[in-house]
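Enquirer: Sequence:
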Amino acid sequence: MKIFWLLTIAILIQTDVYAAECPPTTTLIQRLLDEVFIPGAAFIVVNSTDIIYEQGVGYHTPLIFKDRRPIDPSNSIFLLASISKTFVGVAAMQLVESNRLKLDVDINQYLGIT
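Numbering (mature numbering (1 follows the signal peptide of the UniProt record, and there is no 0)), first residue to last: -19 to -1, 1 to 95.
Hints listed in this document are in silico derivations from the structure and should not be mistaken for laboratory results.
These numbers come from a predicted model, not from an experiment.
Accuracy of the hints is not assured; some may be wrong.
Stated by the list, open to error - In the DMTMM-like style, the derived pairs of lysine to aspartate or glutamate whose C-alpha atoms are separated by at most 25 Å in a straight line are:
id: 1; residue 1: Lys47; residue 2: Asp15
id: 2; residue 1: Lys47; residue 2: Glu16
id: 3; residue 1: Lys66; residue 2: Glu78
To be verified - Computed beta-carbon distance windows for the label pairs:
id: 4; residue 1: Ile94; residue 2: Arg12; range: 47 to 53 Å
id: 5; residue 1: Thr95; residue 2: Gln11; range: 22 to 28 Å
id: 6; residue 1: Thr6; residue 2: Gln90; range: 43 to 49 Å
id: 7; residue 1: Ile19; residue 2: Leu82; range: 32 to 38 Å
id: 8; residue 1: Thr6; residue 2: Ala62; range: 22 to 28 Å
id: 9; residue 1: Ser63; residue 2: Glu35; range: 20 to 26 Å
id: 10; residue 1: Asp31; residue 2: Ser57; range: 15 to 21 Å
id: 11; residue 1: Pro51; residue 2: Asp87; range: 46 to 52 Å
Glycine included, C-beta positions come from ideal geometry on N, C-alpha and C.
All chains, full assembly: derive it from the sequences and hints.
Expert: And the structure:
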């Protein structure tokens, strides 16, 4: 039992040390975005039922524009462009994993076209 408590205390102390060394998340993200010339981004972490974390960092437009609206994850609209293919691919593979879609079956069977 002593070993359990010693390990628990050691882990808690170590966690505090690492937390003190980490810069604030928003500051770190903004610095990384600035390095690659991205004006801003929205981050949302969800589980199966709830939004766990949401944060907007930066602005919708680059520095050269006068209208600099901050990013609000709840109200900001972004163009998805080619990223939608990634979403569809991930969704399709999740269906494959749950045995609701088979990759070797003709697509027309799923679309109802004979």
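Enquirer: For a C-alpha distance cap of 25 Å, please report whether lysine 47 and aspartate 15 respect it.
Expert: holds (18 Å)
Enquirer: Given the hint of 22 to 28 Å, check if threonine 95 and glutamine 11 actually sit that far apart at their C-beta atoms.
Expert: violated (54 Å)
Enquirer: When you take the CB atoms of isoleucine 94 and arginine 12, is the distance between them in 47 to 53 Å?
Expert: Since isoleucine 94 and arginine 12 have Cβ atoms about 51 Å apart, the given range 47 to 53 Å holds.
Enquirer: Do the Cβ positions of threonine 6 and glutamine 90 conform to the proposed distance bound of 43 to 49 Å?
Expert: For glutamine 90 against threonine 6, whose Cβ atoms are near 46 Å apart, the range 43 to 49 Å holds.
Enquirer: Would the hint linking lysine 47 and glutamate 16 be met if the CA-CA limit is 25 Å?
Expert: holds (21 Å)
Enquirer: Sort out whether glutamate 78 lies within 25 Å of lysine 66, counting only the CA atoms.
Expert: holds (18 Å)
Enquirer: Assuming the hint says 46 to 52 Å, is it satisfied by the Cβ distance from proline 51 to aspartate 87 or not?
Expert: Since the Cβ atoms of proline 51 and aspartate 87 sit about 48 Å apart, the hinted range of 46 to 52 Å holds.
Enquirer: The hint says 20 to 26 Å between serine 63 and glutamate 35; measuring C-beta to C-beta, is that right?
Expert: holds (24 Å)
Enquirer: Is it true that threonine 6 and alanine 62 lie within 22 to 28 Å of each other by Cβ?
Expert: holds (26 Å)
Enquirer: Does 32 to 38 Å hold as the CB distance between isoleucine 19 and leucine 82, or does it fail?
Expert: holds (34 Å)
Enquirer: Using the C-beta atoms of aspartate 31 and serine 57, is the stated range 15 to 21 Å upheld?
Expert: Holds - the Cβ-Cβ distance for aspartate 31 and serine 57, about 20 Å, lies within 15 to 21 Å.
Consistency with the previously given hints fails for number 5 only.
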